[in-house]
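Chemist: Listed below, chain by chain, are the residues.
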Amino acid sequence: MVYSDIHDQAMQPNSFMTSNVETTVSVNQVSRYYDKLLAVNNLSFSMQRGEILGLLGPNGAGKSTTMQMITGNLAPSSGQISINQFDILDDPKQAKLELGYLPEKPPLYADFKVDEFLLFCAKLNRISKSHQNKAIDSAKQRCALGDVGSRLIGNLSKGYQQRVGIAQAIIHNPALIIFDEPTVGLDPIQIREIRQLIRELGKEHAVILSTHILPEVTSTCDRVLIINKGELVLTESTEGLQKRMFSSSLLVGFHQPPDKQTLLQFDGISEVDKVRDNVFRLHHDPDIDPSDSIVVSSVNEGWKLFELTPEKLSLEEVFLEITTTETHENKTTSAMESI
Amino acid sequence: MILTLASKEIRSLFLSPLAWSILAILQFVFGYLFLGQLDLFLQVQPRLAALNDAPGLTEIVVAPMFTNAAIMLLLVMPLLTMRLISDEKRLNTMSLLLSAPISITEIIIGKYLGIITFIIIMLAIMSLMPLSLLLGGNLDFGMVASGFLALFLLLSSFTAVGLYMSTLTSQPTIAATSSFGLLVLLWMVDWATELTGNATTSVMQYLSLLQHYQPLISGIFKSSDIIYYLLFIITFLILSIRRLDAHRLQH
Numbered sequence: 001m002v003y004s005d006i007h008d009q010a011m012q013p014n015s016f017m018t019s020n021v022e023t024t025v026s027v028n029q030v031s032r033y034y035d036k037l038l039a040v041n042n043l044s045f046s047m048q049r050g051e052i053l054g055l056l057g058p059n060g061a062g063k064s065t066t067m068q069m070i071t072g073n074l075a076p077s078s079g080q081i082s083i084n085q086f087d088i089l090d091d092p093k094q095a096k097l098e099l100g101y102l103p104e105k106p107p108l109y110a111d112f113k114v115d116e117f118l119l120f121c122a123k124l125n126r127i128s129k130s131h132q133n134k135a136i137d138s139a140k141q142r143c144a145l146g147d148v149g150s151r152l153i154g155n156l157s158k159g160y161q162q163r164v165g166i167a168q169a170i171i172h173n174p175a176l177i178i179f180d181e182p183t184v185g186l187d188p189i190q191i192r193e194i195r196q197l198i199r200e201l202g203k204e205h206a207v208i209l210s211t212h213i214l215p216e217v218t219s220t221c222d223r224v225l226i227i228n229k230g231e232l233v234l235t236e237s238t239e240g241l242q243k244r245m246f247s248s249s250l251l252v253g254f255h256q257p258p259d260k261q262t263l264l265q266f267d268g269i270s271e272v273d274k275v276r277d278n279v280f281r282l283h284h285d286p287d288i289d290p291s292d293s294i295v296v297s298s299v300n301e302g303w304k305l306f307e308l309t310p311e312k313l314s315l316e317e318v319f320l321e322i323t324t325t326e327t328h329e330n331k332t333t334s335a336m337e338s339i
Numbered sequence: 340m341i342l343t344l345a346s347k348e349i350r351s352l353f354l355s356p357l358a359w360s361i362l363a364i365l366q367f368v369f370g371y372l373f374l375g376q377l378d379l380f381l382q383v384q385p386r387l388a389a390l391n392d393a394p395g396l397t398e399i400v401v402a403p404m405f406t407n408a409a410i411m412l413l414l415v416m417p418l419l420t421m422r423l424i425s426d427e428k429r430l431n432t433m434s435l436l437l438s439a440p441i442s443i444t445e446i447i448i449g450k451y452l453g454i455i456t457f458i459i460i461m462l463a464i465m466s467l468m469p470l471s472l473l474l475g476g477n478l479d480f481g482m483v484a485s486g487f488l489a490l491f492l493l494l495s496s497f498t499a500v501g502l503y504m505s506t507l508t509s510q511p512t513i514a515a516t517s518s519f520g521l522l523v524l525l526w527m528v529d530w531a532t533e534l535t536g537n538a539t540t541s542v543m544q545y546l547s548l549l550q551h552y553q554p555l556i557s558g559i560f561k562s563s564d565i566i567y568y569l570l571f572i573i574t575f576l577i578l579s580i581r582r583l584d585a586h587r588l589q590h
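So the protein sequences, as listed, match chains Z and H. Start counting the first sequence at 1; every next residue gets the next number (our numbering). Start counting the second sequence at 340; every next residue gets the next number (our numbering).
Here chain H stands alone, though its shape is the one from the complex:
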């Protein structure tokens, strides 16, 4: 039942030009940035060879790709998630789901998994770029895998926020704007406290999406970071379920 909804969601995405154009434009931008990093690597390669313990191909070319991708996708993910619930409300198709033998939890999880499938497709296409380096060099596979895991968890968190914002309004653009706002806030919540260095700093740092992303893409795997993302996702999914359920109730 959840899979039925997920596949409907992914089908709707690919029926509109939005998904295709997002994939194409992202791939173009990532390709350009990737090429820039590769160029840099080729320039500094002779000097690196002289150093002991020098950063390798993965550190110089692949790791920046994940940083760039995170910032780009912070802009893009709200566009993918904005329609999830708000469109159903705007076009009055919500009643189709609500009067079918399916629970609200299943509706939310089904829609969530639809976007997760899209993320997996997007990451699969993206992974072709670092893998192409294998033609002429060696990669630190542990670090690449950790980077992809980090990006996957980050995008899953973006999706959960976007899904929640989409349950709040019947206007997709408002859903997109507000999820973008919340994501940016969560991204840089620790910036303001960086200078002051008081007790709130550590809390703010812990809340920041960025603080848990950086270690993972530089190959440091801490289970607390993974748990942070999982908790983040579960929180917003539960909020979405409760929000959608509240529509039925007295208000």
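Here chain Z stands alone, though its shape is the one from the complex:
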């Protein structure tokens, strides 16, 4: 790539920030207000090529706003975003060369033919004349658009339009590809195909995917960011998320807690995390339930057990727990006030 040389030089002063793996996107303490409404609050994350990042959150959580800021469609109220070390506000052209974006509604000109549209996108992304045809062919081939090249975009089905939208985003082989809810409104077969395509793209590109469909995350993403009310509430690898779902755990609270070692000696307990003062999460073998022996020991040793909650969560529950606890509490208080 032509840009890698420039990029290496530009990276030198910052090399202490990155180890030997190059950071494709870095989002640093980004906030965005709409008038007085805080849509995204102090969000930070970074990612590398070869990673698929799922952006998860309920409607209105700030997913689309975040994506629009990364793609330069919106300017952040504060904070920095850089793509391949190029700041999106200071060096927008360099940054956007390495960026492909598919918004929620695919940006297509209905009265263009697929080939014409892709040629326009190729030119728009500064692909040199000699490479344009190759780029169009490979984008069409990857998105299985081979036989619709001469059809009008407006006459294509929703699934095909979505694929043209993806082709548009990958035509210039960018380092970062951003998909905003790419499978909405597609039939199950198309959904499977598009997920397959995204997984494939994730091998050589950095892919950010926003969705509120939970199985999509486990089936495609490597890492998940959960956003609620503009704030990052969880960042976790998909395996970590799976672990939260399937490995059973107990939440226990003692007024006179024993040390971790003592807790680890119970049958079947594999891991002890301190959640907050006096409250621990005990990960245990799903087949052995240690709650009974903990209660017995607590009584005998005087640990003063005050909480014992079994945690067995589906992904939906993990998501709901993370995103709605706060809302729920707020609602309760406001309901109380109104009484």
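Don't take every hint at face value.
Looking from chain H toward chain Z, a few residues come up when the C-beta cut is under 7 Å (computed) [unchecked claim]:
{"#": "1", "residue": "I341"}
{"#": "2", "residue": "T343"}
{"#": "3", "residue": "L352"}
{"#": "4", "residue": "R429"}
{"#": "5", "residue": "N431"}
{"#": "6", "residue": "T432"}
{"#": "7", "residue": "L437"}
{"#": "8", "residue": "S438"}
{"#": "9", "residue": "A439"}
{"#": "10", "residue": "P440"}
{"#": "11", "residue": "I443"}
{"#": "12", "residue": "T444"}
{"#": "13", "residue": "R587"}
Hints are computed from structural coordinates only; laboratory data are not their basis. Every value quoted in this text rests on a predicted model; they were computed, and no experiment measured them. All C-beta atoms in this analysis are idealised placements derived from N, C-alpha and C, irrespective of residue type, glycine included.
Assemble the complex: chain Z is given as a structure, and chain H must be docked to it using the hints.
Modeler: Showing chain H alone in chain Z's frame:
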């Protein structure tokens, strides 16, 4: 990059029936008016021959064509420019341009040049009518050229206003209506002050689009008129750029 956008714009125009029907209908109306003027000229020709310093073919036939064209196109140009930005916003295609390695200035200038290309095509077709007079007469080429330059500058100004109005709304019809309103206002801003004759008159006259058009089509070439149009165009292009840029910012 600018040319890519300009050619996309001209392609979109010709993909819709609007551009074709505008060209056809305008040509028909201009042809009818032109024929009327030509008829008039043939009627008065014997009497003109008797006069000293009589107005010629160009003054009688070609100059009125530019006046008619300006008024007709005041109605038509907003229809051509209304979709420029508002359609991109309405159909959510703006993000395609905004996330491409291209600046907002390039987007605005590219779209502007697209319509300018259309204007050149339209003027080229129009120029066939006065040129056809060469078959049987002589033309004052300086005056014809000055007229075409005037019409070109005027239409370029209309386009700049239309482009700006199109950045303000996502409804093409609102963009068309408001640019039509502003153009009419700028066209006749000096009418109201014509009678009173106070100090504001000269300012209003200077602002009026018409005041700078009339001298040019009657063959009087003043650089101040040209500069007026250029300033007018640049002002509205800068306003459009700033307006489009403001979409990204906090609001």
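Chemist: Flag every earlier hint the structure violates by its number, smallest first.
Modeler: 1, 3, 4, 11, 12
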